[in-house]
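Using the sequences and the hints given, assemble the complete structure.
Residue numbers (this note's numbering), protein chains in the order written: chain A, -13 to 284; chain B, 8 to 374.
Everything labelled a hint here was simulated from the structure, so no lab data went into it. Do not take every clue at face value.
DSS-like, lysine-lysine: derived pairs with alpha carbons at most 30 Å apart [unchecked claim]: (1) B:Lys107 - B:Lys119; (2) A:Lys(-12) - B:Lys274; (3) A:Lys178 - A:Lys261; (4) B:Lys274 - B:Lys242; (5) A:Lys153 - A:Lys261; (6) B:Lys102 - A:Lys244; (7) B:Lys185 - B:Lys119; (8) A:Lys175 - A:Lys24; (9) B:Lys274 - A:Lys107; (10) B:Lys267 - A:Lys107; (11) B:Lys242 - B:Lys185; (12) B:Lys102 - A:Lys209; (13) B:Lys107 - A:Lys244; (14) A:Lys111 - B:Lys274; (15) A:Lys24 - A:Lys(-12); (16) A:Lys178 - A:Lys244; (17) B:Lys242 - B:Lys192; (18) A:Lys209 - A:Lys177; (19) A:Lys178 - A:Lys209; (20) A:Lys153 - A:Lys209; (21) A:Lys(-12) - A:Lys111; (22) A:Lys107 - A:Lys(-12); (23) A:Lys244 - A:Lys175; (24) B:Lys267 - A:Lys111.
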Amino acid sequence: MKIGIPRAFYYHSYPRLWECFFRRLGHEPVVSSRSTHKTLEIAAAQTETENCLPQKLFDGHVLSLIDSVDAIFVPRILSIVNGHNCCPRFGALLDATRAGIARGVPLISIEINETAAPLSKTLLKLARTLEADRRTANLAVQEAFAAMEQHHRDEAQLQQAQCDNRKFLLLGHPYTLHDHFIAEPIVNKLKKLQVPLELMTFGDNDITPGDILWCVFNKMYRKLQSLDMHVYAGVIQISTFNCGADSMMTERFRRMCKHNGVPYMLLMVDEHTGKAGVDTRLEAFVDSLAWQRADMAI
Amino acid sequence: MTERLAIPNLGNYTVALAAMVIGMGAEPWWSTYTNDHAMALGIAAAPESLCLPFKAHLGHFIEADDAGVENALMVNSIGTCRLNYYRGMIEEILKDMGRKIRVFGLGFDGFKPPVFRYFDPPLIPLLRAVSTGVEKIRTIDTIELQTAYTRAREVNTGETSLLMERCLQELSEINSKKTVRLFHKDVRKRFEAIAIDKSREPLRIGLIGEVSLLRDRQLNQNLEQILGHMGVEIKNFFLLGGEIGNNFGISMGYKKNTAKQLATVAKPYLESEVGGHARDSVAHTINCAQAGFDAMVHVCPTGCMPEVSIRPILRRVSEDMDIPVLLLSFDEHTSALGVVTRVEAFLDILWSRRQRGVGLVNRPRRT
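This is the structure in structure tokens:
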């Protein structure tokens, strides 16, 4: 069976896991191609006007998959890290997709609720609904987890390798930081400016619970809490238009960074974001920090 | 002098909440709707993309601080919605502005929330005030229902709204459970005294969506009245009495709408709880379609996390069960005129549907 996986939301939250899992079960995973402006155009006619940008991209990915696969994988995600919860959008994702854009399309779904049951158990259950025998299922789960962990290790190593002392931290959701449409222009521009850059990583699920219940934001919060102003030159947060969680948390992070003495910039990305606007803001931010440093050196 | 406590606006129900605050040994500072001045203050001080209720709360508290109120109270939630973090954020913003007002949270704060620790009200007067408050909530439920019924049928436009205001005013002035109960009995008679046109068959529309938007008439541009004066009998699905029954398992006489039952109703379309009142919105739409309502109006602040994410589901229910749903989003730029225009157009369609007999084929008409 050809199983379509939209390259959005949970594809980035669980890197490599889904492809590996479905392949081991003997299915053919089809991941939609990287998001471009075209993805948004596909979605524009059918998606909810007030949806956030990542949700619109998700809808575009689903729509682009519909004709080429037998079923599309859309889970209902209630919690990714034990004791934390997700954006309400994730809880409604499956039902809204079924009622809206993917009407009449067969969907493969599970309920991911790490607080109630670990992911490995949920995956075994999914394997059983796909009629895999116990042995294959166990193997598939093991290998899928191994692939994901390997990816996290590689990523962490890559970020560690940049041990330059004046680096920038790029904050965002897993599904915005690794999205071709949202983050790629920003990352490319910063590379062009020859700025050492660290992307936020989300591999470590062993976080202290706090008052922030959204797991992604708790991870960012913990990271910012221990941010050393001598190591990090600045923080750039990518936020997407109409993201409810961002609107709340970016304000809080801005205050935190101000308190820690680390310069902070918020970049809002929407459907119409022009390259020139992003370039100008990034250049201005990097330049002003460089001048500040030069001033301090004198 | 007793300290004052500002409570957020929950429409007409603020009257009952104020009665409970008195029981805590504090003087309540309240209003049934956020006024323009408070809105402007809130919009100026809040981060731009936060939702309208946040700005209303913040503005209301700033105004309270200007009036010298020492404390404020708002709900704490532990759901997935960003409401979870509102209290903390409001506190920080107020601190940054150099304001002295303390913001207490009420809700999921442990056995004895800080607000009780601070005021430390004696138990018996508190319980008495709470039971008076509950009685007032019941009375307001009745006032709401009567208003909706009468406003759509009144002969002289505006009479019902005036009577409602008068009733609330009187209700806010009485303070014992017994008098509230007597007043409650009197409410129905007062509304019956208004001249109505019994031959009229108004459109019946259910109002669903986000709580503040359903209840604060400043935020929803007085939607209930707009609809009522156009001859629509509305059913607002946020009745506080029913809500309390839902959340704390206390029976308030609304057995049909417990969270569990609504979850069962919504299940074919939405299996998990999304947050806020999203699942209830879906369930009420299904229920109303079966009960023969003409349409639903879904209101929420622009960018509301739970309510916006279930809109595709509402569209689907609307198609499947042949009940029109008007989706209205409100932000600080929404104008009353825009709302009126959209509502008028919607009602035109509904009247024409009724004339053609569409949508009522498989549904029982109310007798």
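Against the structure, the hints:
1. B:Lys107 - B:Lys119: holds, 24 Å
2. A:Lys(-12) - B:Lys274: Holds, at roughly 29 Å.
3. A:Lys178 - A:Lys261: Since the Cα atoms of A:Lys178 and A:Lys261 sit roughly 14 Å apart, the hinted pair holds (cutoff 30 Å).
4. B:Lys274 - B:Lys242: holds, 23 Å
5. A:Lys153 - A:Lys261: Status holds; Cα separation ~23 Å.
6. B:Lys102 - A:Lys244: holds, 15 Å
7. B:Lys185 - B:Lys119: holds, 29 Å
8. A:Lys175 - A:Lys24: holds, 21 Å
9. B:Lys274 - A:Lys107: This hinted pair holds, its Cα atoms lying about 24 Å apart.
10. B:Lys267 - A:Lys107: Roughly 27 Å separates the two Cα atoms, so the pair holds.
11. B:Lys242 - B:Lys185: holds, 28 Å
12. B:Lys102 - A:Lys209: Within the cut-off at roughly 25 Å; holds.
13. B:Lys107 - A:Lys244: Within the cut-off at roughly 22 Å; holds.
14. A:Lys111 - B:Lys274: holds, 21 Å
15. A:Lys24 - A:Lys(-12): holds, 23 Å
16. A:Lys178 - A:Lys244: holds, 27 Å
17. B:Lys242 - B:Lys192: holds, 21 Å
18. A:Lys209 - A:Lys177: holds, 23 Å
19. A:Lys178 - A:Lys209: Since the Cα atoms of A:Lys178 and A:Lys209 sit roughly 26 Å apart, the hinted pair holds (cutoff 30 Å).
20. A:Lys153 - A:Lys209: Answer holds: A:Lys153 to A:Lys209 is near 14 Å, not above 30 Å.
21. A:Lys(-12) - A:Lys111: holds, 19 Å
22. A:Lys107 - A:Lys(-12): holds, 23 Å
23. A:Lys244 - A:Lys175: Holds. A:Lys244 to A:Lys175 sits at ~25 Å (cutoff 30 Å).
24. B:Lys267 - A:Lys111: holds, 26 Å
Checked against the numbered hints given earlier, the structure satisfies every one of them.
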